[in-house]
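Each chain is listed here by its residues.
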Amino acid sequence: MDEADLVRRAARGDPAAAELIWKAHRRWIAAVLLAHKPRQSDVEDLLQEVALAVVEKINQLDDPSALKPWLRMVAVNTARATGRKQTRRKGLLRLVRPNVPAESEGDQDLTTDLTRQRQERARQLGSLIEHLPDAYRECVLLRCARGMTHKQISEITGLPETTVETRIARGRRMLRELAQTSPDQREATLARSSS
Amino acid sequence: MSDQLHPEPSDRRDVLIGRIIDGEASGQDWAEFRQIAGDDQAVFAEIAELQDLRKRTLEIVDDAGNIADTIELPMHMHPKASPAHRLRTAGVWGGWAVAAMVAIAWSIGLRPGDPLIFGEQGNAQAGLGSGIINTAGEAFQKYLDLGKESGSVIGEMPNGIILDKRPLADGSGYEVLYIRPIIERVVVSDGDVYRQIQTESGQTQIIPAPITPTTPASPSTPQPLAW
Chain A
1 MDEADLVRRA ARGDPAAAEL IWKAHRRWIA AVLLAHKPRQ SDVEDLLQEV ALAVVEKINQ
61 LDDPSALKPW LRMVAVNTAR ATGRKQTRRK GLLRLVRPNV PAESEGDQDL TTDLTRQRQE
121 RARQLGSLIE HLPDAYRECV LLRCARGMTH KQISEITGLP ETTVETRIAR GRRMLRELAQ
181 TSPDQREATL ARSSS
Chain B
1001 MSDQLHPEPS DRRDVLIGRI IDGEASGQDW AEFRQIAGDD QAVFAEIAEL QDLRKRTLEI
1061 VDDAGNIADT IELPMHMHPK ASPAHRLRTA GVWGGWAVAA MVAIAWSIGL RPGDPLIFGE
1121 QGNAQAGLGS GIINTAGEAF QKYLDLGKES GSVIGEMPNG IILDKRPLAD GSGYEVLYIR
1181 PIIERVVVSD GDVYRQIQTE SGQTQIIPAP ITPTTPASPS TPQPLAW
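These protein sequence lines map, in sequence, to chains A and B. If you read the first sequence in my numbering, its first letter stands for residue 1, the second for the next number, and so on. If you read the second sequence in my numbering, its first letter stands for residue 1001, the second for the next number, and so on.
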């Protein structure tokens, strides 16, 4: 059964078809969320929101063959909407706690020491990746999703394969240059690298 | 950032390096790369650095992918699932008291900004019908019930929002701030509606705003609403 058939069945409420679709695509959806999520957002929470949006809206997908770009759009919109919600939440919180810090530190209380080192390494690289232009960041991360080829990234993003490959190559070069630069010089490095 | 419209010589070099670190370079790619790199030995250090960055990026993306593998679709929320099923599922996640709901939220690791799922507050809750209200929770339930009867309250949204959490100083638990959204209903008549305008001097003024119904008026007697 091809993917378009699965989409049609999922739109009619067939849970098995929807599960097959979700399982086939959720890993790269996580990469898209990583590329577009606000800094303090949690990928797991965003994935749950995307999963819910997929279930609620898959019957609105007019062209079943456009599943991948549609899933990407759902993920990007979810990540951006979360950023807006976080801003609103901080505004509300300041009403009751005027001295609330800009970023809550409470979440760290639940983190074990064992995972902290790995998280720190990932955080350092993550902050470098955040400096990449959006278009490059998404391609670089998608390329690292398990088994993802230039062709598949092209299908997801709607970009020509050659553009995908160029963006990945440029993005990686920028990432290397950023890694060699002190934090206060990163914007200038990026401007030079992009020009 | 011209991508393919104006490819630069450095792009070709970067693309070839990319194929090498991805292990996808053909013999032709290698030959072309050697020609471009020439005697520049530093390029091999560059490849090693890029390979390390790629490996670390793979780890980050793989971690996210492993999380994705644990997320299942909430098929009970499909539009074709019955409303009763959808509501019942929300009820399962809800609790009988706020403390219980917060405890459920904590046990599944919700964070500030996450939705809290509220179920319907059951009629069996303490204090209802007795005429005596002892707690804020009972008063709130009474408010919902009376509001539904009179039509001024539609209901409580199933999703609340956690604003913040912080550990208590004595270590006995957490303080959690959250919002419980209520949908209320009000009927306004012409003469009771105002709008805000800005005068030429930039000052804000409230002025009457006559309303002209474009659809037939709804029933004047509020009906109790099922939730």
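It is worth saying that the hints were derived from the structure and are not from the lab. Just to be clear, a hint being listed does not mean it is correct.
Claimed, not checked - Taking lysine to aspartate or glutamate and the EDC-like style, the derived pairs with C-alpha atoms no more than 16 Å apart in a straight line are:
1. A:K151 - B:E1024
2. A:K23 - B:E1024
3. A:K23 - B:D1069
4. A:K23 - B:E1072
As the list claims (entries may be wrong) - Far from chain B, by Cβ distances over 10 Å, these chain A residues were calculated:
5. A4
6. D5
7. L34
8. E56
9. D62
10. Q117
11. E120
12. R121
13. R143
14. E165
Even for Gly, the Cβ is constructed at its ideal location relative to N, Cα and C.
Hint check results:
1. Between K151 (chain A) and E1024 (chain B) the CA atoms are separated by roughly 14 Å; this keeps the pair inside 16 Å, and the hint holds.
2. A distance of roughly 27 Å separates the Cα atoms of K23 (chain A) and E1024 (chain B); the hinted pair therefore is violated under the 16 Å criterion.
3. Proposed proximity of K23 (chain A) and D1069 (chain B) is supported: the alpha carbons are some 7 Å apart, at most 16 Å.
4. About 8 Å separates the Cα atoms of K23 (chain A) and E1072 (chain B), which keeps this hinted pair within 16 Å; it holds.
5. Every CB of chain B lies more than 10 Å from the CB of A4 (chain A), the least distance being 19 Å, so the non-interface label holds.
6. Non-interface call for D5 (chain A) relative to chain B: holds, since the shortest CB-CB distance, roughly 18 Å, exceeds 10 Å.
7. The Cβ of L34 (chain A) sits about 5 Å from the closest Cβ of chain B, inside the 10 Å cut-off, so the non-interface label is violated.
8. Distance check for E56 (chain A) against chain B: the nearest CB is about 6 Å away, which does not clear 10 Å, and the non-interface claim fails.
9. For D62 (chain A), the non-interface assignment is confirmed: its Cβ lies about 16 Å from the closest Cβ of chain B, beyond the 10 Å cut-off.
10. In this structure Q117 (chain A) is separated from chain B by more than 10 Å, as the shortest Cβ-Cβ distance comes to about 13 Å.
11. Listed as a non-interface residue, E120 (chain A) keeps its Cβ farther than 10 Å from every Cβ of chain B; the least gap is roughly 12 Å.
12. Not every CB of chain B is more than 10 Å from the CB of R121 (chain A) (nearest about 7 Å), against its label as outside the interface.
13. With a minimum CB-CB distance of about 8 Å to chain B, R143 (chain A) fails to clear the 10 Å threshold, and the non-interface call is violated.
14. For E165 (chain A), the shortest C-beta to C-beta distance to chain B comes to about 6 Å, within the 10 Å cut-off, and the non-interface label is violated.
The structure does not agree with the numbered hints 2, 7, 8, 12, 13 and 14 stated previously, though it agrees with the rest.
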